[in-house]
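Asker: Take a look at the letters that make up each chain.
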Amino acid sequence: MKHALLLILPLWAAAVHAADTPPVTQFDSKFVQTRSLPGFSAPLTSRGIMRFDKAHGFHWEITEPYHYVFDMNGDAASETLPDGSVRALDPSQTPWLAAVQNIIVNALSGDRSELQRYFTLAVTPLPKGEQVELTPKQGTMAEAIVSIKVTETAPGHPQEIAIQETSGDHMDIRFTSPAP
Amino acid sequence: MTRSLSAAARWAVWLASLGLFCGIAWTRLDREHPINTDILAMLPAEQGSEALTAATDRTRDAFVHQVLVLISGDDSPATREAAQAARRVLGAAGLRSDDSGLAVNRVLAAYQAHHYALLDATQAARLAQGGADAFSKDVAVTLASPAGIMSSFDTDPGGYLTRFLSALPRPYADFLPDGPFFSALRGDKRYYLLSLQSQGTGFAQQGAVQVTNAVRDARAAAAQACPYCSLDATGAPLFADAARNEAQGETIWLSAASMLLIMVLIAYVFRSLAPHVLAALQLVASVLAACAAVVICSGSIQILTLVFGTTLLGIAIDYALLYFAEYWFGDGTPARVPRVVRPGLYMGLATGVAAFAFLLLAGFPALVQIAVFSIAGLVEAALVVVLIFPVTLTKPSMVAAHAAVRWPQRFITAACRPSRWRWLLPALALLLCIPGWLKLKTSDDVRELQQLPPELVRTDGAIRSTLEQVPPPGFFLVEGKDLDEALSREEMLFTRLHGSLPEAAPLGLSRFLPSRAEQQASFAAWSRVFAQPKALRRSLAHLGLPAELADHMQAGWKKDPHTPLDAATLFAAAPDFKRFIVPSGQGVALLSTVTGKSDIDATVLEQAAAAVPGALFEQPLARIAATFQRIRVRTTWLVVIGYLLISMLLVWRYGRREALRMLYTPLLALGVTLGVLGGLGEPVNIFVIVALILILGLGRDYTVFLREGGAERRSPALAVSLSALTMLCSFGLLVLSAVPALHAFGIATLSGILASFLSAPLSLPPRESAGA
Chain H
6 MKHALLLILP LWAAAVHAAD TPPVTQFDSK FVQTRSLPGF SAPLTSRGIM
56 RFDKAHGFHW EITEPYHYVF DMNGDAASET LPDGSVRALD PSQTPWLAAV
106 QNIIVNALSG DRSELQRYFT LAVTPLPKGE QVELTPKQGT MAEAIVSIKV
156 TETAPGHPQE IAIQETSGDH MDIRFTSPAP
Chain G
18 MTRSLSAAAR WAVWLASLGL FCGIAWTRLD REHPINTDIL AMLPAEQGSE
68 ALTAATDRTR DAFVHQVLVL ISGDDSPATR EAAQAARRVL GAAGLRSDDS
118 GLAVNRVLAA YQAHHYALLD ATQAARLAQG GADAFSKDVA VTLASPAGIM
168 SSFDTDPGGY LTRFLSALPR PYADFLPDGP FFSALRGDKR YYLLSLQSQG
218 TGFAQQGAVQ VTNAVRDARA AAAQACPYCS LDATGAPLFA DAARNEAQGE
268 TIWLSAASML LIMVLIAYVF RSLAPHVLAA LQLVASVLAA CAAVVICSGS
318 IQILTLVFGT TLLGIAIDYA LLYFAEYWFG DGTPARVPRV VRPGLYMGLA
368 TGVAAFAFLL LAGFPALVQI AVFSIAGLVE AALVVVLIFP VTLTKPSMVA
418 AHAAVRWPQR FITAACRPSR WRWLLPALAL LLCIPGWLKL KTSDDVRELQ
468 QLPPELVRTD GAIRSTLEQV PPPGFFLVEG KDLDEALSRE EMLFTRLHGS
518 LPEAAPLGLS RFLPSRAEQQ ASFAAWSRVF AQPKALRRSL AHLGLPAELA
568 DHMQAGWKKD PHTPLDAATL FAAAPDFKRF IVPSGQGVAL LSTVTGKSDI
618 DATVLEQAAA AVPGALFEQP LARIAATFQR IRVRTTWLVV IGYLLISMLL
668 VWRYGRREAL RMLYTPLLAL GVTLGVLGGL GEPVNIFVIV ALILILGLGR
718 DYTVFLREGG AERRSPALAV SLSALTMLCS FGLLVLSAVP ALHAFGIATL
768 SGILASFLSA PLSLPPRESA GA
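Line by line, the protein sequences are chains H and G. Per the working numbering, residue 6 is the first one in the first sequence, and the count goes up by one each step. Per the working numbering, residue 18 is the first one in the second sequence, and the count goes up by one each step.
If you are wondering where the hints come from, they were derived from the structure by calculation, not from laboratory data. A portion of the hints provided could be inaccurate.
Which residues of chain G face chain H? A partial, calculated answer using Cβ under 10 Å [claimed, not checked]:
id : residue
1  : S153
2  : K154
3  : A157
4  : A161
5  : P163
6  : A164
7  : G561
8  : L562
9  : L566
10 : H569
11 : Q571
12 : L779
Virtual Cβ for every residue (Gly too), placed ideally from N, Cα, C.
Based on the sequences and whatever the hints tell you, model everything.
Answerer: Written as C-alpha cells, this is what we have:
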C-alpha cells in the first residue's frame, strides 16, 4: 500500500510550497494573454491584471472576454467564476495552483534560486535586458511544459512570459502597463 | 517402577522413552516454522479470517520495515548536503527508498487515456444537471486560471483530470517530493525526510541492529556535511533494537544473580555437586518432553507456550528437592528414599496434572499447548526422579545435618503449635489486603507489557508532529463479491469518513480506481454535455469563446472509445496498486486506511465501517488485547474448576476436614498476592495469571509434601523451604526488572511464594509435640 502511495508522489513534485516562496518584490501590471491551441486557426486572447505583494499575495484577474479572478494568499485561495460566484479552493487539493503561482512569482521577481531546483536556466542577453529560458529538469513538470521563457528589461521587470506546453499548446503573457 | 529394575535398565527405559517421544515429535515437526511467533494464531479459527490474516500480515510488514529519517537545519543547501550524505550511508547499508518515477508516466498515460471516466461524483452530478452551460463555465475557468498551463486543453478541456490527479492521496501532508527526499520549510528551518524500508524482518535481531548501525553512521555523515544540522530517526527496527538491548542487559544480570544465588544455596545446604547435575538433567528432560508433546499435538510450538510453559515447569524442581532433602538429611538409607518420597511426589504430580488438565478444555490453541506442555513436563520430571535419582544417589550421604538444614523444621514445628496466632496472623494479612483487592484492575494491552525507550518515544513523537502524520489505529477491510462491489463499498466508506472526519485522509484503491458505477456516471454526464452540440456552441459563444472550441471537443468525445479504466490497465501501469487487494476466499477484499494530523478516534472509524456492508475496521493491537483478555478470563475459570477437582482428590486422600485445611495455603497465597498487586497498582495481566498458577501449584505442593512427609520430620520441611528460596531467587528477582510485564510477574511471585511458604504450616493440624 505504501508503495502505491509513493507512486503518485512525483505528481506533486512541481508543487513548490507556498511557504517556500522567497520574499518577492511588488508587482502590478495589466497583461494580454494569448493561448494557441493545436487545431485552432486563431489563438484565444484574453486580457487581465496581475499583481502580487507580500501582504495581499497573488492576484490574477481576467477582464476580457469574461470576468475571472484568482486570489491566493498563504493557505487561502479562491476563484471568482464568470457567473460571479466565488469558489474557495483548498491549496492542499490544488497543488498546481501553488506551483504555477510560485513559478510565475519567482520568474517575475528575478529570484532564480528556487527555480533552479526544478529548471535548467539559460540566460540570453538582449539589447535591452535579457531572456531567461527555464527548461524543466525532470518529473511531471517536464511532462507538461517544454519551456518557459521570461523576457525582462531588468531583473524583476518582466516584459513577457512565453510558455510552451508538451501538448502543443502555447501561452504568451505580455505585460503592458501598470494596473490602474 | 519397581526396585527390581537394574540401573542400566532404568537408564535404558528412561532414555528410550524420551528418545521415542522426541523421535515421534521430529517426524511431526513443521521444520519451516518450528516456533510460531504469531500471537494472533492463538485465537480459535474465525470465519473470513483468511482476508483478515493477510491484511494484518501486510500492514504489519509495512510497519515493521519502515524507517523515517528527518534531517533539519537552518541553511537549506547545507541541510540538503547533510541529507544527501545520510542517504548515501543508509543506501549503502541496505535501506532502500522507493523510486517509482517510471511507473508514474505509465499511470498518467492510463489516466489520460480514460479521462472521460474520471469525473468524481460531484462533478458528474454538476455536468449531468448543468449540461453544456456548466461545462462551458469550467472550460472558461480552465482557460483563464493561471494553473491552466499545467494541463493539456486537448485531453482535459475542463481541468477535471488535473483535479483528479491533484486529489490523489499524499503520504505526508505538507512535505513535498524534492528529488529523493520529501522536503518542507517550517519557519526558518528546512526539513528533508527520507522514507526507507529495511531489509529482512524488522523485529529480527540482525535487521534491527543493521538499521540502528546505519542510522548511527548516517548521523555521523550528516554531522560531517553540516555540523549544525540534526538527524532524527524512528521506526520499528530502532525500537526493537533498543528494547532488545535493554532486555538483554537486564536478563543477563538477573539470570546471573539468580543462578549464582541458587547454586550457592544448594551447594551450602547439600555440600555436593550432584544436586546441580541431577536438577539440570531433570529440567532439560522435562523441557524436551514438554516440547515434544506439543509438537506431536500441533506440529510447532507457540512462543508464548515456550515462555510460560518453561516458567510453569519451575514447579517440577519441587520433586527433585523433595528427593534431595530426604536422601541427604532423611532418616533412612538411600534405598528407602524412593518409598518415602513417592506418596508426596505422586500426590503432587496428580494435583499438578489435574490443575493443568482443565486448560485442555480452554478452546484456545495457546492454552491447550501450555496445558500439554506442562503436563508432559511434570510427568517427565517425576519420571526422572522415580527412575534415575534412585540409581544415581545410592551411597549414603556423608553430610551431617547443619544449622541451615534444621531451621525449616524448627519453623514448621513452631508454626504448628496450637496458638491463636495461627488464625490471627492470616486474618490480619487478609484484612490488610482488602484495600488492595478493591483497587485491583486488569490490563490486556500489550503496550503496557513492555518498556519503550523514553528517548526513542520522544523522537518518534517529535517526528510525527513535524510530519503532521499520526499512524492510524488500524485498517479497513472492505469485502465484495467482486472487485467492483468492493470498490463501490470502499467509496461509500470514504464518503462517510469525509463526513465525520473531514481532516482525515483515506487511502485505498478506490482513490486511484473509481468504481464501475462512478465511471459510468462520469460517462453519462459527458453524454449529457455533448448530446446537444448547438447548446455547447451557444454556451461557449456566450462567454466570448469561439464556437470552434465546441466542435473540437465534440470530435474528441466521439473519437474516444468510452471504455472505463479497469483494474488490469491500472495494475499493468502500476503493479504496486495490487497491494491494496488481499486474498479472500469469497470474493475480493480491499485493504485501506486513514491517516490524520492528530489521533483519530477508533470508535468513529468503527462506526463508519459498521454502516457499510462488507466493511470492518480492524485494530490489530486491540485484537491481541482481546485475545489476551479471553485467555486471561478463561484460564481463571478453568483454574478454579481445576481446583475443585483437586479438592476432591484431597478429600479422597485426606478426608473433608483436612482437605479444607490443605487449601488454606494456596488460597491465602492467592489472596495476599492479589492484595499486594492491587496495593501497588499493578494490573492483573496474562503474565500475572501465569504467576498465580505457579503460586497455586507451589502452595499445593508444599501442603502435600508436608502432609505426606510428616510435619515432625526434617526433610519435607527442608524441601519446602529450599523450593521457596530457589523460586524466590529465580522468579522473585524479577521484581527488579524494568520491563513492566516481568516486574509485575516478579511482584506476584515474590509475594505469593512468601505467603505460600509462611502459611504452609497452616495446612497441618496443630500439635503440642510436633518436632519432638
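Asker: State for each hint whether it applies.
Answerer: For each hint, the structure was consulted:
Of the supplied interface hints, the one on G:S153 holds, with its beta-carbon coming within about 9 Å of a beta-carbon of chain H, less than 10 Å. Of the supplied interface hints, the one on G:K154 holds, with its beta-carbon coming within about 6 Å of a beta-carbon of chain H, less than 10 Å. Because the closest C-beta pair between G:A157 and chain H is about 5 Å apart, less than 10 Å, the hint holds. Residue-level restraint check for G:A161 holds (minimum Cβ-Cβ distance to chain H is 4 Å; threshold 10 Å).
For G:P163, the interface hint holds, since its Cβ comes within 10 Å of a Cβ in chain H; the closest pair sits about 5 Å apart. Because the closest C-beta pair between G:A164 and chain H is about 4 Å apart, less than 10 Å, the hint holds. Annotation: interface hint on G:G561 holds; nearest CB of chain H at approximately 3 Å, less than 10 Å. Checking G:L562 against chain H: minimum C-beta separation of about 7 Å stays under 10 Å; hint holds.
The closest approach between the C-beta of G:L566 and any C-beta of chain H is roughly 8 Å, which is under the 10 Å cut-off, so the hint is satisfied. Taken as an interface hint, G:H569 checks out: its beta carbon lies about 6 Å from the nearest beta carbon of chain H, inside 10 Å. Checking G:Q571 against chain H by beta carbon gives a least distance of about 12 Å; that is not within 10 Å, so the hint is violated. Interface hint status for G:L779: violated, as the beta-carbon distance to the closest one in chain H is roughly 61 Å, over 10 Å.
Comparing the model with each numbered hint stated earlier shows that hints 11, 12 do not hold.
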